[in-house]
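Based on the hints, put chains B, C, D, E and F in the right spot on chain A.
Number of protein chains: 6
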Amino acid sequence: MSTLSHFDESGASRMVDVGPKAETHRVARASAVVRMLPATLALIRDKGVAKGDVLEVARLAGIMAAKKTADLIPLCHPLPLTSVKLDFSFPANDLLRIEAAVTVFGRTGVEMEALTAVSVAALTVYDMCKSADRAMTIEAVRLEEKDGGKSGHFVRDPV
Amino acid sequence: MSTLSHFDESGASRMVDVGPKAETHRVARASAVVRMLPATLALIRDKGVAKGDVLEVARLAGIMAAKKTADLIPLCHPLPLTSVKLDFSFPANDLLRIEAAVTVFGRTGVEMEALTAVSVAALTVYDMCKSADRAMTIEAVRLEEKDGGKSGHFVRDPV
Amino acid sequence: MSTLSHFDESGASRMVDVGPKAETHRVARASAVVRMLPATLALIRDKGVAKGDVLEVARLAGIMAAKKTADLIPLCHPLPLTSVKLDFSFPANDLLRIEAAVTVFGRTGVEMEALTAVSVAALTVYDMCKSADRAMTIEAVRLEEKDGGKSGHFVRDPV
Amino acid sequence: MSTLSHFDESGASRMVDVGPKAETHRVARASAVVRMLPATLALIRDKGVAKGDVLEVARLAGIMAAKKTADLIPLCHPLPLTSVKLDFSFPANDLLRIEAAVTVFGRTGVEMEALTAVSVAALTVYDMCKSADRAMTIEAVRLEEKDGGKSGHFVRDPV
Amino acid sequence: MSTLSHFDESGASRMVDVGPKAETHRVARASAVVRMLPATLALIRDKGVAKGDVLEVARLAGIMAAKKTADLIPLCHPLPLTSVKLDFSFPANDLLRIEAAVTVFGRTGVEMEALTAVSVAALTVYDMCKSADRAMTIEAVRLEEKDGGKSGHFVRDPV
Amino acid sequence: MSTLSHFDESGASRMVDVGPKAETHRVARASAVVRMLPATLALIRDKGVAKGDVLEVARLAGIMAAKKTADLIPLCHPLPLTSVKLDFSFPANDLLRIEAAVTVFGRTGVEMEALTAVSVAALTVYDMCKSADRAMTIEAVRLEEKDGGKSGHFVRDPV
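Chains as they are written, first to last, in numbering that gives the first Met the number 0: chain A, 0 to 158; chain B, 0 to 158; chain C, 0 to 158; chain D, 0 to 158; chain E, 0 to 158; chain F, 0 to 158.
Bound conformation, chain A alone:
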């Protein structure tokens, strides 16, 4: 394993030069899981009970956060994203799963944008439901897939 590309030979952090890289269509998918009380998940799923749509707020927060990635992550490049979408599913009665897919036509990948989108969507779910369930936990924020760059196609191994 070599050293990290975000440091130069003297150990100084830098925004890596992507100027020589080709502009290509790039895709990244990331996911996060939020563990909560079954009663909290019921509140989220049944909008009639909660009297409001938690997931729609979280979805917008995630989309907007993807656009702020270069402002949040110090060494990320600013990128003109071509699409951002978020989806929700319920793998168990106490688990909310969030998945984001981001695309760009650019010189570097959008992993960080997809990871930022799911993280901020998950934080927003926490914020919306914290009065009901303070112990909610965000688990397993991770990259699922990435394609379009020189490093090839990455797909996470199914566990």
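Simulated from the structure, these hints should not be mistaken for laboratory data.
Where hints are given, some of them may not hold.
A pair counts as met if it fits within one copy or between any two copies, since identical chains are not told apart.
What the hints assert, rightly or not - Lysine-lysine pairs mimicking BS3-like chemistry, simulated, CA-CA at most 25 Å apart:
#1 K149 / K46
#2 K20 / K149
#3 K46 / K67
#4 K46 / K20
#5 K67 / K20
Chains B, C, D, E and F in isolation, oriented as in the chain A frame:
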């Protein structure tokens, strides 16, 4: 379990009115864990190998993100934070633990600021090390402690 | 009519000194109207047809914009808002009305925050529906009420 | 009239994928009108009386707001604008008209940037003059022209 | 000389805790000088020649930058500024002097806000005039005065 | 010397149209010098004494500020930067020199990004050390080199 305070009686989302609440000194602590290859963690811990200080970059990203919380989480109140600090520890040879403590003198708590700080610090660690270890996972983003508001002192149960 | 408070005696713009003013509870309400084709309004009202909730997106955009007011309006003071809410109504079959109410405990009023909230909510409605109705017009962005400052209680005359 | 492109088939909001669209030179023009007391308009026009240049402040606010459009409007794409300009005229003794023209070389149009520019410029005029004329109203924020995309050349019908 | 307050005993950077400090009225003044060709300064001073007001653009940029200080300087506290003003003078035929005064009622000082305001105003002057005079230099960005905190009244010695 | 390109023929400020310019690889280098007490510089250089790394904080602040340039400088174009790096040196026992190099593949140059990076890095050094040395001065913020545009290669004359 009642309905969620971020919605009004018609289900519309809103920024809850904290005007009637007293200004008090409030504290929140949150944590996150990043799981990675032992070789990646070694790279982070031994700055001589990585030729740079990953954690110092992550720390600053977390501090700056705490200040952006109201810009990221749609229904959060803007707050004049009085302090933000982040600490790192290594509970196992493949685990990095991040903890943030945030304080404010204000009308509402700073849980979201502490959770945002650890999330963005963890995302920054991912960004710095992703060229070496794409499968790194952020786990267990959660509130550890909260004090100073009307809802009393919350401390997460040790698992 | 005297000169404008945002300029000093030499004509230079400035952020007016509100330091000597008392911190009081302040409220402002503003409204905007969006005129559109009846078919567009039907699409907004009947979420089943549009397959999505335009107004919930606009509401969140308005709330988040209120928090960005000091970043948008050059001479506005940054303020720790205590609440922001937006409501929608349909005064005619081609009219959407947006109203925002904003509060703060501070040294200056929140008219600009309420006006910014309704403006950005209206722009978001335009963005969501522009593929269907490019000629939509935002009309009558105006202050409805303001209270809590030294200048007293302002309520707009009913037309 | 079909459904709205900002929602997918399940009704979820998303940032529409513009990746497949061609990069072309795109233009949009938008306008807004601010209605005020004739004495207020006189104050704006005669900088000697107001002792300062309201319109120059509004112009800069509009230009800077155009650059923040993707940060304000949840589903807008970030775009590397190539130009922004704002002009002012006085169609009547109580009316200020603001027009913005925005260009980009990109995959989607800049209507929202032009509309945001005139809206924030109008809000800034309100802010600068509100101490003199609290009942000022922003009227008729609308798209005037748009060109360069697949949907062809749009010019608003003269009323 | 002791160690620096922005680091804790382990060398980690942090946002210093100002919670225990009293809220007081605080003032800071900073200045910057821009050295340029006499012909460039003439262009700035004689708006008829330049056909525009460079200094008014720079003034607004400086005021708006003061509000972004906590977003730019990693360990600065967000503060609800009560006033920001900038003044310009011409100490020689090739020198523009910029001075900013910032006030707050808060728990920490506003030196960084005043220094940020003059720096960004000076950068804006450079941007506006760079096509005419690329070698312009910003000199002597410095704190002039500071008052209102526990450390007492600081006034820079006249050179 | 002609008039300034940021104003149109009527004196109105505008974001200049760079649409007709070719996309080329562009580079800019800028520098700043911070003058301080020798004891302060010793504190910065000897991390063991300061118990923390002032320059690494300043470096990140500078990189992040480069990405905010279009948000700070009113008439700057938003640009998808391809690299940002900052270096530090010590030309005398009371002088810290900061140099930034920024690249882009775009339609306009990145002088302002490089100048903003060194300015904000210098301000951050001031912030970190101000408790020890309030009279520190930022001197000689200037463009060192620029290449890649139609105006050719600019290199500052050595003094």
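Do the hints match the structure? See the list:
In this homomeric assembly, K149 and K46 never come within 25 Å of each other (Cα to Cα): the closest approach is 44 Å inside a single copy and 28 Å across copies. For the identical chains of this complex, K20 and K149 are neighbours both inside a copy (9 Å) and across copies (23 Å), given an alpha-carbon limit of 25 Å. In this assembly of identical chains, K46 and K67 lie within 25 Å of each other by CA distance neither inside one copy nor across copies; the values are 29 Å within and 29 Å between. Taking the closest pair of Cα atoms, K46 and K20 never come within 25 Å of each other, the shortest separation being 46 Å inside a single copy and 28 Å across copies.
In this assembly of identical chains, K67 and K20 lie within 25 Å of each other by CA distance both inside one copy and across copies; the values are 23 Å within and 23 Å between.
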